[in-house]
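Trainee: Letter by letter, the chains look like this.
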Amino acid sequence: MRIVHRRPAPRRVAAGAGALGVLLLAAACSSSSASPTSGSSSSVINGAGSTFAAPMYQQWAGQYHQSVAKSVQINYQAIGSGGGISEFTQGVVDFGATDAPMTGTEKTAAQAGQGSVVLHIPMIIGAVALAYNEPGLTSVTLDGPTLANIYLGNVKKWNDPAIKKLNPGVKLPSDSIQPVERADSSGTSFAFTSYLKAISPAWASQVGASKAPAWPIGTGATGTSGVAAAVQQTKGAIGYVEYGYAVQGHLSVASLVNASGKTVAPSTASTNAASAAATYPTDLTDLTFSLVNSSDPAAYPIVTPTYVLIAQKQKDSAKGKNLTAWLKWDLATTQQNGVPKLGYAPLPSKLDQLSLAALNTVH
Amino acid sequence: MTRLTADRLDAGTRPRRSADPLFRYGAAGCASVVLLLLGGMLIRTTWAAWPAFQHSGIGLVTGTTWNPAAGQFGGLPFIYGTLVTSAIALLIGVPVAVLIALFLSEVAPPRLGTGLGYVVDLLAAVPSVVYGLWGVFVLVPFLTPLWQWMSNNLGFIPLFSQFASGRNFATAGVILALMITPIISAICREVFMTVPTDEREAGLALGATRWEMIRLAVLPRSRSGVVAAVMLGFGRAVGETIAVAYLIGGFPKITPHLFQQGSTIAANIALQFNEAASQPLFKAALIALGVILFGITLLINIAARLIIRRGGTT
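From first to last, the protein sequence lines are chains L and D.
Just add 197 to the spot in the first sequence (first one is 1) and you have the numbering used here.
Just add 10 to the spot in the second sequence (first one is 1) and you have the numbering used here.
A couple of the hints might just be wrong.
Restricting the straight-line Cα-Cα distance to at most 25 angstroms, the calculated cross-link-like pairs of lysine-lysine (DSS-like) are [said to hold, decoys possible]:
1) LYS432/L with LYS263/D
2) LYS353/L with LYS263/D
3) LYS525/L with LYS538/L
4) LYS510/L with LYS525/L
5) LYS354/L with LYS368/L
6) LYS368/L with LYS459/L
7) LYS304/L with LYS516/L
8) LYS432/L with LYS361/L
9) LYS354/L with LYS263/D
From chain D, some residues computed to sit far from chain L (all C-beta separations above 10 angstroms) [as the list claims (entries may be wrong)]:
10) GLY36
11) CYS40
12) GLN64
13) THR74
14) LEU93
15) LEU109
16) ILE110
17) GLU116
18) ARG121
19) LEU122
20) ILE167
21) LEU214
22) THR219
Just some of the chain D residues that point at chain L, by a computed CB distance under 8 angstroms [said to hold, decoys possible]:
23) GLY176
24) ARG177
25) ALA255
26) TYR256
These are calculated hints, taken from the structure and not from any lab test.
Keep in mind that this is a model prediction, so the values were computed, not measured.
The C-beta atom is built at its ideal place from N, Cα and C for all residues, glycine as well.
Take these sequences, add in the hints, and give me the full structure.
Mentor: Below, the structure written as structure tokens:
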């Protein structure tokens with residue numbers, strides 16, 4: 198009798214412990230005290246952040262280790278731009294990577310955490326593609342205001358008059374549009390919402406540009422791969438992913454009407470057009486800028502640079518030398534010319550020079 | 011006389027005498043670590059969440075708008091999502107789990123029961139991220155047409171109307187049901203096994219059928235154990251993070267329609283922590299959600315204990 202009633206008692210404790218585990222995680226993550234920098238050796242360099250640029254950094258890290266400096270090991274974790282900023286701020290990694298420039302508060306926190314001025318180094322340029330899943334619709338053109346209205350919930354059907362007007366002669370289905378967005382903090386979201394903010398006053402006032410905006414409608418997915426999976430599985434879905442990812446995944450992508458009124462598909466050429474036409478800042482301590490909604494007639498409108506975050510004053514100078522040597526190697530012409538293979542665009546030469554000049558101030 | 015005996019005993023068992031207090035204090039020490047950890051965690055999290063409680067007050071529990079950029083921290087959509095998905099999980103999972111356990115302990119031949127029991131135990135140990143990935147690539151494409159069909163044909167029931175996405179409360183509830191069923195049934199099986207064979211045989215000897223024997227001898231005996239198993243399942247369901255984050259559609263919303271997107275406390279903490287890292291109030295609000303989750307688990311555990319006590323010993 199007693200035994201029956203006593204046996205399960207420890208299990209109840211376990212249930213409470215499960216819930217506590219979540220709290221413990223929360224408390225552990227909340228602790229802002231700096232964790233010790235991982236990797237005691239100065240030839241092991243850890244970085245984390247942007248999933249958008251991850252394929253590029255991972256390839257460069259491997260090639261550098263194999264063909265340039267066998268002793269240098271660069272580990273890059275694709276945990277998202279928000280994660281990259283937070284790990285870099287806490288000193289968990291030696292460099293961060295983000296598609297969205299740090300906000301004022303993020304920069305203050307990062308500089309306090311690193312005990313140094315923190316530099317944004319533009320590394321490559323990428324485009325954000327609008328992938329969609331509508332069987333029978335082989336190509337579709339959208340413009341900024343319509344895109345904003347889709348994500349505001351005002352345009353609900355694929356055969357909405359606004360879309361019809363942009364696609365004369367195309368037979369549009371009457372399916373409802375299922376917008377998919379990133380539920381986690383993401384630099385891709387920042388680039389996408391920056392564009393919507395630039396082109397739609399309604400978006401600017403109701404939502405704004407953010408790595409993690411408060412979406413008015415839609416399905417939230419985790420990571421670029423999560424968005425791609427949700428789009429592929431949902432009839433009528435539309436979602437934004439890094440262009441190279443859309444190419445590799447054979448996703449249908451929409452063309453967009455740019456600021457000059459021209460219809461442009463995402464490609465390396467249309468991304469190049471946007472970055473070539475832009476003017477860049479000259480302050481090496483704040484090399485941040487936006488490339489969305491370019492006025493160049495050949496430019497794709499949702500284009501973003503992606504940055505590496507690095508402390509100007511390195512705590513471990515030997516490690517700092519290895520890190521800057523690798524980043525400079527990434528910015529060299531040979532490496533930049535290989536960038537389009539993964540669906541990105543190289544830095545225009547004037548920007549490449551600025552990035553190198555900023556790296557030269559690291560000591 | 012007695013004294014002499016005691017002395018002799020002492021002389022013979024000197025090493026054991028020093029081991030005794032060592033064991034006692036060692037065990038007590040470890041036990042108190044658990045309490046310290048629990049208390050410490052509760053104090054630390056509440057303290058870290060305090061700015062959010064000060065900023066939003068009861069709005070953290072009752073507010074319906076979650077917009078960190080605007081300083082709005084209404085946690086109700088997450089609490090709602092947590093409770094709804096857990097309820098779906100229990101609704102589907104508990105009957106199935108209890109039936110599995112009854113089959114293993116009462117119906118199946120002992121050898122088959124033991125073998126299947128191992129399989130159930132193995133299922134209970136599958137990491138949740140595996141369930142999550144499997145959910146994204148297998149379960150969602152499988153369930154979406156089903157949900158759509160239900161929405162089209164049973165749409166007169168508000169719960170099933172207005173299908174919006176394959177990632178919704180119902181899908182998250184199903185994956186949670188799959189995750190908690192093995193745990194609940196593994197424990198229920200153990201509980202059912204503890205019912206003395208005498209009582210089963212007594213029931214059968216009185217002419218009871220197998221079902222009547224289960225109903226009269228096994229189930230009443232096991233009530234508290236089953237409730238405890240359900241509690242453990244509930245604990246896993248409310249705290250489950252990754253699988254739910256993948257499958258619920260990550261969108262804070264309160265709606266009676268199960269085929270629409272939602273979010274839960276644990277999923278939201280996991281998804282937004284990186285963004286919150288450099289924003290003190292946002293971070294505090296997420297930790298506050300954690301404290302609320304702890305509160306929910308505590309309340310449900312207390313309720314279950316009361317149920318067990320009232321149900322009483324038979």
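Trainee: Against this structure, judge whether each hint is valid.
Mentor: Structure-based check of each hint:
1. LYS432/L with LYS263/D: 22 angstroms, holds
2. LYS353/L with LYS263/D: 19 angstroms, holds
3. LYS525/L with LYS538/L: 20 angstroms, holds
4. LYS510/L with LYS525/L: Roughly 17 angstroms separates the two Cα atoms, so the pair holds.
5. LYS354/L with LYS368/L: The hint holds at about 13 angstroms.
6. LYS368/L with LYS459/L: 21 angstroms, holds
7. LYS304/L with LYS516/L: Status holds; Cα separation ~22 angstroms.
8. LYS432/L with LYS361/L: OK: LYS432/L and LYS361/L at ~19 angstroms, within 25 angstroms.
9. LYS354/L with LYS263/D: 22 angstroms, holds
10. GLY36: Consistent with the label, GLY36/D stays out of reach of chain L, its closest Cβ about 19 angstroms off (over 10 angstroms).
11. CYS40: 14 angstroms, holds
12. GLN64: 16 angstroms, holds
13. THR74: 12 angstroms, holds
14. LEU93: 14 angstroms, holds
15. LEU109: 19 angstroms, holds
16. ILE110: About 17 angstroms separates ILE110/D from the closest Cβ of chain L, which puts it past 10 angstroms; holds.
17. GLU116: Consistent with the label, GLU116/D stays out of reach of chain L, its closest Cβ about 16 angstroms off (over 10 angstroms).
18. ARG121: 24 angstroms, holds
19. LEU122: 24 angstroms, holds
20. ILE167: 21 angstroms, holds
21. LEU214: 19 angstroms, holds
22. THR219: 23 angstroms, holds
23. GLY176: 6 angstroms, holds
24. ARG177: 5 angstroms, holds
25. ALA255: At 6 angstroms from the nearest chain L Cβ, ALA255/D passes the 8 angstroms test, so the hint holds.
26. TYR256: Holds, because the Cβ-Cβ distance from TYR256/D to chain L comes to roughly 6 angstroms (cut-off 8 angstroms).
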